[in-house]
Amino acid sequence: MLAIEGLTQVFGGVVALDAVSLEVAEHSITALVGPNGAGKTTLFNIVAGAYPPTAGTVRLGGRSLNGLPAHARVGLGIGRTFQNALLFDKMTVLENVMVGRHARSSQGMLAAALRLPAVRAEEERIFLAAMRCLNLVGLGMHAHTPAGSLPFGQQRLAAIARALATEPKLLLMDEPAAGLNTLERQGLADLIRTIREMGITVLLVEHDMTLVMQLAEWVVVLDHGRKLAEGTGEQIRKNRQVIAAYLGAEAG
Amino acid sequence: MTKRWPWRRDLTGRILTRNSVGLLAFALTVGALPLVLRSPYLLSTAIFIGIYTIVTLGLCLLMGYAGQVSLGHAAFWGIGAYTSAILTVKFGVSPWLAMIAGVLVTAGVAYVIAIPIFRLREHYLAMATLGLGIIATLAFGEFRELTGGPSGLPGVPRLAVGGFIFDGDVEYYYLVWGAVVALIGLSLNIVNSRVGRALRAVHASEAAAESIGVDASRYKLQVLVLSAAYASLAGSLYVHYMQFVSPQAFDFGVSVRLVVMAAVGGLASVWGAPFGAAAVMNVTVLLREALPLVIPNASDKHITIVYGLVLILIMIFMPEGLTRGVIEGFHRNARN
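Protein sequences appear in the order of chains G and P.
Residue 103 in this note's numbering sits at position 70 of the first sequence; the count goes up by one each step and never skips.
Residue 58 in this note's numbering sits at position 5 of the second sequence; the count goes up by one each step and never skips.
Calculated directly from the structure, the hints in this document are not laboratory data.
Don't take each hint at face value.
Derived coverage of chain G by chain P (criterion: at least 3 residues anywhere in the stretch with Cβ under 8 Å from a Cβ of chain P; other residues may be distant) [what the hints assert, rightly or not]: (1) 121-133; (2) 143-150.
A short, non-exhaustive set of chain P residues, derived as facing chain G with CB atoms under 7 Å [unchecked claim]: (3) A257; (4) E263; (5) S264; (6) G266; (7) S270.
Even for Gly, the Cβ is constructed at its ideal location relative to N, Cα and C.
Okay, chain P solo, but in the shape it has when bound:
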């Protein structure tokens, strides 16, 4: 039998215990929220935050652990959403099967894009995904028979298990946040594994990581595909909640907002994702109210400009993300 080494418990053991306690506390908090969020508006906002959290989670892994930036994550999100919508509306496929198909299609697109890019060492992923985003938004607006064109595709069915239909917001809230909890759990497992350590190593020094046997491009590729799959899942959840899909929901501004969510939440931890998503969601609502007071005729494009500025500031002053930056700031003050 394996002998239990006394120090073993304070290694992986301690990390895992801390993570499972954190996850449990998070699940309980999230589970109790609908008891407090009585207003339909707040509940619906919480559902959107959950959906954004799933996309942000993938981006945190990609940016924080693999050190790569995607400026086209709205496209992955949109491909998942459109695959679900088209398969269920036009072909009568079961929503769950369509969701899986969406993940496979999106992961496939990410894979095809990434193969030539990760052969090169530089930061070409940002440019390639930027291109993908532009192409995807155009494609969503064309092919009218399938996508419904610029006016969108209505009539997407609700999700259902057996006779149970997720038609109320409370039910949908639990579905979305259940998925968030599960995905945070899976992501924590990945981060604290052989693959997670390899990714952090590549991020720190690609030369050193390669010198001890880590195939850097292989793991960057895997994380991109994983984060695209997360985005696709969020897209399917989004489209079955809205029961409608249109191209504007996945344009460049949305991609920028997603990167800001990841940067605000924190690039050094997967726990930042829900906070980043919630913060940016709420600030967006505020900006929609406040910007027209300053700039007449302000639109979502102006909000994108504001986020661009926020992103630049975060990257200059807190390259590990706002949450981590603030925490480290506190530590520094405490020490002085």
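Chain G with its partners taken away, still in its complex shape:
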């Protein structure tokens, strides 16, 4: 469903991505792995529309996303979570997730100022949808807590709920397990499987290889901005190049 072709990104003189092509199959969980500085987050940022690539195309379901700003991609079904959650700290957890409904609602400032009946009805729909997402990640109890005062693991979950509220077809998750304890990681793995069962395609960047092997049907390895290898977890585990460049270095 997501097709990336010849993606190149140059920052100043540094080549962060060098003609990377890859495909993410619909309803799959695909993992993007590689050492630090391999270009994983850069690739995420380009797919999400944070900045335009130097060269290459990104297509979602056959439609080119080139030139579309980040906020316009949400309506097409691209959702993302950030490494450091990036919640709106002073808003409640519920309000955070309610903002996630932004692209799926439409009432403007004038209508809101007058609080027209259509605005009230939409507020109720936004509220119910947000509550469903919060319950899905298990944070229903914390709806009215200021997001900034949640412990880190729960902030991650709130950020996932916020992204789910946008009704993504493709969810980009940047290191969802970083900083979580073993128990939280297990919960996260279950949640990611549930998300896939909801019909959402998941592309995740992750350093935790246990989690990657456990979850992902397809693994793409980046190294120094190039695609080094791709395949099933089993194939990647046995790939000599990968072992040398990445797993080997870590194991050694």
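Got chain G sorted already, so can you dock chain P onto it with the hints?
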């Protein structure tokens, strides 16, 4: 039929009830004040505070919710005032139509300025509005046939509805503060809506807000236009009260004072606006009396310097505004 969820009432329901109770209490207090304010001086001061409150309200939305600073809000205020004055004095247009025209012209100016600025992410709005303020003050002093030049434009008519003329201060007080109550109500509705949440989200993290579909520059633009419209409305109310308009009322010092009003009142709540406006109005009167005792030949320019310092201190120590800063200080003390 929609089922009433038990928790729904404690969400938007609770916020709205709290707001409407607050608004009602505010309206009653404001409505009862003229019974106490017997002196014409106090009543007239209260009218000015009301007019300032309307401008400050727009600035609170712009600064507190969109995180943008305007150093030229006196210009928006002045464009509203001059549009009303020129249309009614020179062209005999109905004051109410002129007021609407003023809002449209001011909103248009704000829109044109903002479009190129909000494409960029940095804080260029402060600089652009600073420039606008300087240009506007110059323009108000030129074009003598229209504006009356530096000496101003007299003979602006009173506002009237049918045969009823708002010519007494008590009548005008109710007109101005009625507008304040209505605008606070509208602003509260905006803050607690999809648009208000989007604005707070943009203020907290633009990247995260964009990632969930919020067009940050679009909403910043809308708030700037809205706050310019508020300022324009206040300008029209000002000019029909004074029945006279001159460029000095809208210079840079006034813009600074408006930003101080918003900062004193509180950037995290629209309720701060009336308090910020009242506090700065009263302190200005005090400073006009007190400064000449310390600095001989002190003028309004020295007052602007004092406000500049106050603003710097507030921004360093209480970035969410004086009111909120003091409230949080109390909470901290209570907890310890």
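Okay, the hints, checked on the actual structure:
| no. | hint | result |
| --- | --- | --- |
| 1 | 121-133 | holds (count 10) |
| 2 | 143-150 | holds (count 4) |
| 3 | A257 | 4 Å, holds |
| 4 | E263 | 4 Å, holds |
| 5 | S264 | 5 Å, holds |
| 6 | G266 | 3 Å, holds |
| 7 | S270 | 9 Å, violated |
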